[in-house]
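Colleague: Read off the chains here:
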Amino acid sequence: MLPVQSTESRKFKREAGEMGSALLEIQSLNAWYCREKRVLSDFSLKLSEHEVVGLIGLNGAGKTTFLKVLSGLLPTYCAEAVRFRESPVALRDSVFKPFRYTVFAEDRSFGYFTFREYLAYVFASYGKKQPNVSDLVRGFHFEDYVDVLLKDLSAGNCRKVFLITAFALKAELLLLDEPVNGLDFQSTEYLYEQIAGYREYGTVLFSSHILESITLTSDRVCVLEGGQIRQTFKSGQIDAAGIREVLHDESDL
Amino acid sequence: MPQGFGRYCMMNLIFKAFAKKLFGAGYERLGHTVPVCLLMFAGLRAAKLRFAISPSVLYLTVSMFTAGMMWQALSSEDQSASMQNMLMLPFDRRKFILSYVTVLGIYTILTKTAVLAVSAWTYTEFWGTLLCMIHAVFLAACIYGQKRNRGLCMVWAAVMTGLLIFLREETLLFPAVAASSIFALGFLQGMDGYVFYAPEKGSIRIRKSGGTCLVWRYLIRYLICHKNYLMNTAILWCAACVLPSFLGQIERWFVIPMGFAVLSLNTPLCILLSCDPALEQAVRFLPDGKKRFCIPYCLFLFLCNLASDGLYLGSFWLQKGGVTFGMIAAAVVFALQSAVLSVLLEWFYPLRGWKIESDLWHHPRKYAVPAVMLFLAGAVGTAPGILPVLMILPAVFCIISVMTGKRMVKKMEEYNDEQRTGT
Numbered sequence: 728m729l730p731v732q733s734t735e736s737r738k739f740k741r742e743a744g745e746m747g748s749a750l751l752e753i754q755s756l757n758a759w760y761c762r763e764k765r766v767l768s769d770f771s772l773k774l775s776e777h778e779v780v781g782l783i784g785l786n787g788a789g790k791t792t793f794l795k796v797l798s799g800l801l802p803t804y805c806a807e808a809v810r811f812r813e814s815p816v817a818l819r820d821s822v823f824k825p826f827r828y829t830v831f832a833e834d835r836s837f838g839y840f841t842f843r844e845y846l847a848y849v850f851a852s853y854g855k856k857q858p859n860v861s862d863l864v865r866g867f868h869f870e871d872y873v874d875v876l877l878k879d880l881s882a883g884n885c886r887k888v889f890l891i892t893a894f895a896l897k898a899e900l901l902l903l904d905e906p907v908n909g910l911d912f913q914s915t916e917y918l919y920e921q922i923a924g925y926r927e928y929g930t931v932l933f934s935s936h937i938l939e940s941i942t943l944t945s946d947r948v949c950v951l952e953g954g955q956i957r958q959t960f961k962s963g964q965i966d967a968a969g970i971r972e973v974l975h976d977e978s979d980l
Numbered sequence: 014m015p016q017g018f019g020r021y022c023m024m025n026l027i028f029k030a031f032a033k034k035l036f037g038a039g040y041e042r043l044g045h046t047v048p049v050c051l052l053m054f055a056g057l058r059a060a061k062l063r064f065a066i067s068p069s070v071l072y073l074t075v076s077m078f079t080a081g082m083m084w085q086a087l088s089s090e091d092q093s094a095s096m097q098n099m100l101m102l103p104f105d106r107r108k109f110i111l112s113y114v115t116v117l118g119i120y121t122i123l124t125k126t127a128v129l130a131v132s133a134w135t136y137t138e139f140w141g142t143l144l145c146m147i148h149a150v151f152l153a154a155c156i157y158g159q160k161r162n163r164g165l166c167m168v169w170a171a172v173m174t175g176l177l178i179f180l181r182e183e184t185l186l187f188p189a190v191a192a193s194s195i196f197a198l199g200f201l202q203g204m205d206g207y208v209f210y211a212p213e214k215g216s217i218r219i220r221k222s223g224g225t226c227l228v229w230r231y232l233i234r235y236l237i238c239h240k241n242y243l244m245n246t247a248i249l250w251c252a253a254c255v256l257p258s259f260l261g262q263i264e265r266w267f268v269i270p271m272g273f274a275v276l277s278l279n280t281p282l283c284i285l286l287s288c289d290p291a292l293e294q295a296v297r298f299l300p301d302g303k304k305r306f307c308i309p310y311c312l313f314l315f316l317c318n319l320a321s322d323g324l325y326l327g328s329f330w331l332q333k334g335g336v337t338f339g340m341i342a343a344a345v346v347f348a349l350q351s352a353v354l355s356v357l358l359e360w361f362y363p364l365r366g367w368k369i370e371s372d373l374w375h376h377p378r379k380y381a382v383p384a385v386m387l388f389l390a391g392a393v394g395t396a397p398g399i400l401p402v403l404m405i406l407p408a409v410f411c412i413i414s415v416m417t418g419k420r421m422v423k424k425m426e427e428y429n430d431e432q433r434t435g436t
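As you go down the protein sequences, you meet chains A and B in turn.
Heads up: the first sequence begins at 728 in the working numbering, then just goes up one per residue.
Heads up: the second sequence begins at 14 in the working numbering, then just goes up one per residue.
Treat the hints with care, since some could be wrong.
To be verified - Some chain B residues near chain A, calculated using beta-carbon distances under 7 Å:
id: 1; residue: Arg220
id: 2; residue: Leu227
id: 3; residue: Tyr231
id: 4; residue: Ala295
id: 5; residue: Phe298
id: 6; residue: Leu299
id: 7; residue: Pro300
id: 8; residue: Arg305
Since the hints were derived computationally from the structure, they do not count as laboratory data.
A quick note: this is a predicted structure, and the numbers were derived from the prediction, not measured.
Just so you know, even glycine gets a beta-carbon here, dropped at the ideal spot from N, CA and C.
The following block holds chain A by itself, in its conformation from the complex (with noise of 0.2 Å):
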């Protein structure tokens, strides 16, 4: 059985008493890749502190263009606000950029590094110093590769090198683009351990298409079409059959 929500994080939150306070607000974001046509229109997300929310729907609803805009690859987008822990803040401002870490669904950048060297040039360039990440990299089933360059690496493993990182990194907001995909099995089970026990460090905010990842892990589930979160489970509310009817009535739309 998988672990869900350990006692231990929700203990840690209602200890904490920082559950509620917001991490990141985004208000009224439009984005657009061509001006005709809007990604994300009129877009509202309020983010708190130590939650794990999963977005989830059909493609093109815009849960990729999100993240990218939230990790400043998308320039072209303009919002009514964009608050960090309450102040306003520039997405793509050096003072945000080390506060968030972002796995991508594809990315295949730094091609000529091994896991042991991006390792170290992530930490380096976030200023940090390097933990261990022995139990990560056993978790994830990958000791084998962590002296490979990572253009050789198969999607699988390459995926495992930026979620390892990701975790090892601790950053305050964690956005995860279908971290799922390319995964085994034994590696998903662990992918859910850490995700729902990522809390204790900071905020995850994940795109799927993987119903169980969403419904096991999260503290709040959004459901996106046409570029706008259509409807909100919130903790309690999240079981994959409501979820599945939502998605069923977006795709018949």
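Position chain B relative to chain A; hints supplied.
Modeller: Chain B in isolation, oriented as in the chain A frame:
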């Protein structure tokens, strides 16, 4: 539907699939390059500007250049990725090969080498140039596809090169080239489409990882893994050795900086971020990307430039003698200046929308840095006294970068403190 019509349709579809990838969905790329070539051709003729080039030199240059470009297009990794699905489907190998090679050939000729045809003055030269281009396309495809008997194909290519050099009689040369083209086409028809597909290498090599000089390790590995980049750098260094004899007649204080300016044309090393968009995205996404990546990249380019400038100065010293401290200082300034400008271009104006890597190698932007350097070379040649001023330029840039970096770190620390104390 008649079978022949179906086959024609299939060939047409394969042709379209490759052509749209290379020329754009509406073949808009043709609209840019063909008029430029026609205008140049008409302009040169109208202005009666004629360069005295021997036909054999013209044919040889055109053949070599076209074959090189075609080889580059055939070996593009991106091309292999787009062939994967097409090869999975049932296909007629002849139609496939013909469509694929024709599209790549048209692409190579129209977007890369057509500009050379403007140097043809007579109609015979023009048609001869065109014939040589087509021949080079087919021959390069033949050699590329024939992996087992490549040695034999190389002998064939060597014989044809010999004919282009020594056979001055066009009435004999053209039939020989045409016959070779037809033979190459026949040879291609017998090949399978899979010969043009280069699957990813499955071998996994364990590397010695290190925690220091990370970007340097990355860049050196990148260079080693791209043999054509190494080759280009080696050719440039060879050019550095022979350049002093070519520029021998010019005034000494013009020759030296002009050579440095020409040697800054190391295109493949200066398009690192443009040709790897995933890397560019990752560098921009991570904090402190400018400092962590761009500064070591700039230093890497600086050392590569300095190496070629050093060879050039060494060769100059051997041939003419009298290398002064000022010339060595100029080498350092020009190497640093061109490295800084190249990195700035890559950071602020990376090339986008390219179809295959070869487009990057021949993008007009590659001449931007050498053009600026030539301008500076002219300035230094006219007034050598401004060299110290030029020396200050990269230094000023470096200081600004470091200061900006420090300010950002300080700002971040303050922000962190504020968050911690809740003020």
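Colleague: Could you work out which earlier hints the structure fails to respect and list their numbers in ascending sequence?
Modeller: Per hint list: zero violations.
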